[in-house]
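Asks: Given next are the chains, with one letter for each unit.
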Amino acid sequence: MDKFSFKDVLVTVAGLFITVFIAWVLITATGNNPSEVAKYLYEGGFKGTRNIANSLYQATPLILTAVATLVSFRVGMFNIGINGSMYVGALYAGWAGYRFTGLGHFSHVTLCIAIGMFVGAAWMLLPALLRVYAGVSEIISTIILNFVAVLFVSYMANGPFRADPIAPATPRILETAELKQIFPNSQFNTGFFIAVFVAILAHFVLNKTTFGYELRSGGDGLVGMYPSRFSSYLGIPSDRSAITGMLISGALGGLAGAIEVLGAVRYFFQELEFNQGFDGILIGILGKLEPIGAIIASLFYGAIKNGGFYVDYKTDVAREIIIVLISILIFFVSAQKIVKGLEKYPIVKKLDSIFSRKKM
Amino acid sequence: MNKEIAIDLKNITKAYPGVVANKNVDFQVYKGEIHALVGENGAGKSTLMKILYGIEQPDEGEIFVNGSSEVISKVETAINLGIGMVHQEFTLVPSFTAPENIGLGQEPKNNRGLVDWKGLNNAVMDIAKKYGFEVDPGLKMIDASVGVQQRTEILKTLYRNANILILDEPTAVLTPQETDELFTVIRTLVDEGKTVIFITHKLREVMEIADRVTVMRAGEVQGVSETGNTSITELASQMVGREVFLQVKKDEAQPTEKILDVQDLWVHDARGLLAVKGIDLDIKKGEIVGIAGVEGNGQTELVEALTGLRKASKGKVMYLDEDIASSSPKNIRRKKIAHIPEDRTNTGLNTQLSIWENLIGNSYFRKPLSSRGIFNLKKVGEHANKLREDFDIRAPNVSLKVKSLSGGNQQKVVVARELSEDPSLTIASQPTRGVDIGNIEAIHEQLVQMRDEGGAVLLVSAELDEVMAVADRVGVMYEGQIVKWVNPKEVDQAQMGLYMAGVKD
Ligand SMILES: Nc1ncnc2c1ncn2[C@@H]1O[C@H](COP(=O)(O)OP(=O)(O)O)[C@@H](O)[C@H]1O
Ligand SMILES: [Mg+2]
Numbered sequence: 001m002d003k004f005s006f007k008d009v010l011v012t013v014a015g016l017f018i019t020v021f022i023a024w025v026l027i028t029a030t031g032n033n034p035s036e037v038a039k040y041l042y043e044g045g046f047k048g049t050r051n052i053a054n055s056l057y058q059a060t061p062l063i064l065t066a067v068a069t070l071v072s073f074r075v076g077m078f079n080i081g082i083n084g085s086m087y088v089g090a091l092y093a094g095w096a097g098y099r100f101t102g103l104g105h106f107s108h109v110t111l112c113i114a115i116g117m118f119v120g121a122a123w124m125l126l127p128a129l130l131r132v133y134a135g136v137s138e139i140i141s142t143i144i145l146n147f148v149a150v151l152f153v154s155y156m157a158n159g160p161f162r163a164d165p166i167a168p169a170t171p172r173i174l175e176t177a178e179l180k181q182i183f184p185n186s187q188f189n190t191g192f193f194i195a196v197f198v199a200i201l202a203h204f205v206l207n208k209t210t211f212g213y214e215l216r217s218g219g220d221g222l223v224g225m226y227p228s229r230f231s232s233y234l235g236i237p238s239d240r241s242a243i244t245g246m247l248i249s250g251a252l253g254g255l256a257g258a259i260e261v262l263g264a265v266r267y268f269f270q271e272l273e274f275n276q277g278f279d280g281i282l283i284g285i286l287g288k289l290e291p292i293g294a295i296i297a298s299l300f301y302g303a304i305k306n307g308g309f310y311v312d313y314k315t316d317v318a319r320e321i322i323i324v325l326i327s328i329l330i331f332f333v334s335a336q337k338i339v340k341g342l343e344k345y346p347i348v349k350k351l352d353s354i355f356s357r358k359k360m
Numbered sequence: 001m002n003k004e005i006a007i008d009l010k011n012i013t014k015a016y017p018g019v020v021a022n023k024n025v026d027f028q029v030y031k032g033e034i035h036a037l038v039g040e041n042g043a044g045k046s047t048l049m050k051i052l053y054g055i056e057q058p059d060e061g062e063i064f065v066n067g068s069s070e071v072i073s074k075v076e077t078a079i080n081l082g083i084g085m086v087h088q089e090f091t092l093v094p095s096f097t098a099p100e101n102i103g104l105g106q107e108p109k110n111n112r113g114l115v116d117w118k119g120l121n122n123a124v125m126d127i128a129k130k131y132g133f134e135v136d137p138g139l140k141m142i143d144a145s146v147g148v149q150q151r152t153e154i155l156k157t158l159y160r161n162a163n164i165l166i167l168d169e170p171t172a173v174l175t176p177q178e179t180d181e182l183f184t185v186i187r188t189l190v191d192e193g194k195t196v197i198f199i200t201h202k203l204r205e206v207m208e209i210a211d212r213v214t215v216m217r218a219g220e221v222q223g224v225s226e227t228g229n230t231s232i233t234e235l236a237s238q239m240v241g242r243e244v245f246l247q248v249k250k251d252e253a254q255p256t257e258k259i260l261d262v263q264d265l266w267v268h269d270a271r272g273l274l275a276v277k278g279i280d281l282d283i284k285k286g287e288i289v290g291i292a293g294v295e296g297n298g299q300t301e302l303v304e305a306l307t308g309l310r311k312a313s314k315g316k317v318m319y320l321d322e323d324i325a326s327s328s329p330k331n332i333r334r335k336k337i338a339h340i341p342e343d344r345t346n347t348g349l350n351t352q353l354s355i356w357e358n359l360i361g362n363s364y365f366r367k368p369l370s371s372r373g374i375f376n377l378k379k380v381g382e383h384a385n386k387l388r389e390d391f392d393i394r395a396p397n398v399s400l401k402v403k404s405l406s407g408g409n410q411q412k413v414v415v416a417r418e419l420s421e422d423p424s425l426t427i428a429s430q431p432t433r434g435v436d437i438g439n440i441e442a443i444h445e446q447l448v449q450m451r452d453e454g455g456a457v458l459l460v461s462a463e464l465d466e467v468m469a470v471a472d473r474v475g476v477m478y479e480g481q482i483v484k485w486v487n488p489k490e491v492d493q494a495q496m497g498l499y500m501a502g503v504k505d
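These protein sequence lines map, in sequence, to chains R and C.
Taken in order, the first sequence gives residues 1 to 360; the numbers are from the numbering used here.
Taken in order, the second sequence gives residues 1 to 505; the numbers are from the numbering used here.
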């Protein structure tokens with residue numbers, strides 16, 4: 001992977017400036033006051049315990065879906081189906097949350113999470129096997145499975161798992177299965193710590209273990225590199241790496257869904273809507289496919305997202321504009337060439353060498 | 001002699017983070033000449049040409065084209081000045097035919113605004129005919145040989161009216177026959193009034209084709225001479241800064257026991273055709289066995305079968321007392337068989353990974369680099385840095401992506417890794433392709449050292465000089481069979497040429 005360097009910081013800052021400028025123009029053009037929007041965006045993201053807690057709550061599933069994305073990318077597979085894993089993981093974690101009674105808090109939560117992750121991983125088994133043994137592009141199969149997941153969970157919530165005669169929803173999970181909410185009036189819950197822990201674990205496994213090395217040997221780029229001749233040549237079965245990577249990716253998606261249900265929503269209903277699986281792709285790339293980068297990018301994204309809700313609530317500006325802005329930001333941040341022109345200045349070179357990550 | 005000057009680069013300096021690629025370079029090319037630009041990998045040849053072609057901007061210096069000062073800030077400017085460049089890595093669309101590739105971006109339009117395919121085809125065929133190229137207008141590049149792809153690249157520049165052609169290491173990827181064909185093409189181009197800048201590090205080619213030669217080393221020009229007034233030895237010492245021995249220094253081999261015994265091996269290629277047809281071959285400890293032959297005569301499949309990357313259809317590969325004919329690469333590697341593959345960028349390396357990650361590919365699982373599956377990154381760093389120094393991999397640090405290294409340095413990463421784990425048998429396929437003289441010498445020395453320490457080496461190479469100089473015994477491969485075993489000291493090049501063409505005694 002590319003290591004973070006000053007150049008990346010510079011690209012990001014340059015991207016931010018351009019985005020702010022475009023935002024200014026857009027918001028003014030829609031007849032609103034940009035400085036007011038900026039104020040509420042900031043307040044919603046960062047001001048006061050409740051807003052901060054909500055920003056962290058927004059970041060929680062994003063950390064996991066971003067790590068899920070980067071794991072699959074770094075084994076050389078292009079998994080776009082994390083949203084699907086998230087849905088099925090949420091459904092079955094919720095099911096386990098009311099189905100198993102008489103368990104202690106810790107064991108019940110663990111069981112629900114394990115089931116959510118297992119189902120999320122199982123969801124990825126088909127595209128992984130199709131890719132490895134039949135050559136079906138995982139991009140196409142995972143995109144399709146996203147649609148299938150939505151239909152499947154809505155059927156289950158409407159049929160087999162339905163409890164409520166009026167609304168298509170499962171029963172509420174038992175108290176023993178709940179991830180605790182810590183602050184009043186916020187859905188922030190202990191799932192956040194699980195997400196951060198998992199991301200750090202992923203960082204460790206990917207970069208510091210032979211298992212991670214074997215997984216990455218056939219990939220580590222922004223392009224799907226499976227199947228890798230390099231791996232086979234070294235005697236590392238790249239088929240197994242590709243499948244394992246997809247399963248881990250799916251399990252993390254399932255975990256994101258499980259935490260949403262166990263920590264915030266507390267039951268599964270037909271209209272429950274996730275898109276963090278897609279946001280995770282952008283955030284994973286924004287974080288340079290590094291888990292630590294994913295945490296940072298998710299915290300940032302979570303704050304902006306929550307700020308967006310606040311702007312929506314306080315002004316006439318629709319919160320969709322925030323999504324537009326984030327997309328523009330990512331667009332520019334990916335545009336490495338912006339700083340190419342700056343490279344000729346000695347100061348930039350100097351700073352670049354200072355800020356570059358530790359060398360071996 | 002008062003010659004017109006086509007290209008005049010004055011005092012060019014260009015620095016990248018960590019390296020000065022060009023340092024006060026002066027470079028002059030006369031109109032109508034073939035001018036060779038030579039230097040080791042990383043000497044700065046490509047950088048200088050990219051500056052001339054508008055891909056890179058110099059930090060300092062001036063460019064004169066046909067006498068007038070120019071600022072070439074983009075490729076279009078260079079093209080408009082009549083400069084064309086064929087890059088080291090080709091830039092063709094694989095699913096397009098030659099005319100489609102050549103016309104791309106400058107397609108002639110018919111009166112309805114659509115691409116005039118017929119006009120394009122005719123234009124391309126006219127140029128091809130004028131310069132004596134053979135072109136199959138229906139052949140997609142993905143199915144074309146490297147030589148044909150290269151000719152398409154050259155046609156592309158001619159189609160854009162280039163008068164000054166830059167060919168960046170055009171022969172690195174060619175067989176001897178294709179090289180000869182290329183030289184014919186270059187001579188025709190010059191006869192038609194073009195000027196050619198020819199980059200290489202094969203000095204024999206320089207002497208054969210160039211009028212004048214500029215030698216670069218570490219970003220600086222070491223000398224400019226007419227090929228008539230210089231010698232390979234002189235150029236070589238300018239290139240590496242010391243005298244080089246083009247001969248490999250080695251004592252008589254002391255072969256001992258047999259380590260590999262290939263018996264009646266048959267192998268199919270990727271298209272299902274028979275590529276290896278009943279090969280018998282044995283290698284003893286303490287000797288280097290060479291396989292010579294024009295590329296595409298089954299060498300690739302032979303090596304793949306020996307290293308587990310391809311299943312043998314029939315026959316035995318006895319390694320010590322075990323048949324490894326259908327073993328996995330992993331099992332074969334475990335038995336201390338090293339493999340330097342001919343395809344460096346996809347097989348030998350993952351260029352997305354760092355240098356150290358590539359260097360530990362055959363050792364990451366052992367102590368002290370890792371224990372219980374967890375890396376000791378300090379030890380890994382020491383190991384990688386030691387290999388970097390021992391094998392002279394030119395990179396500021398081992399955390400750099402392999403992608404950013406020059407071809408020769410990439411190859412050194414492969415060689416360093418493969419020779420580092422003390423192999424009993426080393427299978428080296430085209431180990432010095434695209435590598436410069438100084439490093440070719442180093443790689444040859446390493447193979448000979450392997451041998452002297454009791455290792456066995458199988459050297460497969462399309463470079464006849466290489467096999468003849470390094471190997472103790474040579475088999476000539478032709479159409480999937482070894483048609484002749486020779487002692488390299490007892491045959492000459494002409495005889496070998498006949499064997500390589502399939503002529504038996
Ligand atoms: N884009 C680049 N960024 C950083 N370093 C580069 C870049 N291109 C070339 N270099 C470095 O500049 C030096 C000269 O490279 P190059 O001109 O490609 O050499 P040559 O073509 O003679 O092999 C090398 O050390 C190489 O690593
Ligand atoms: Mg070069």
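Just so you know, the hints here were simulated from the structure itself, not pulled from any lab data.
Where hints are given, some of them may not hold.
Said to hold, decoys possible - Going by beta-carbon spacing under 7 Å, a handful of chain R positions derived as facing chain C:
{"#": "1", "residue": "N158"}
{"#": "2", "residue": "T209"}
{"#": "3", "residue": "F230"}
{"#": "4", "residue": "G235"}
Even glycine gets a Cβ: it sits at the ideal position worked out from N, Cα and C.
Asks: With reference to the structure, classify each hint as holding or not holding.
Replies: Consistency of the hints with the structure:
For N158(R), the suggested interface contact is broken, since its CB lies about 45 Å from the closest CB of chain C, more than 7 Å. For T209(R), the interface hint holds, since its Cβ comes within 7 Å of a Cβ in chain C; the closest pair sits about 5 Å apart. Annotation: F230(R) was flagged as interfacial toward chain C, and the flag holds, the nearest CB pair being 4 Å apart, inside 7 Å. For G235(R), the suggested interface contact is upheld, since its CB lies about 3 Å from the closest CB of chain C, less than 7 Å.
Going down the numbered hints, you'll see the structure goes against just number 1.
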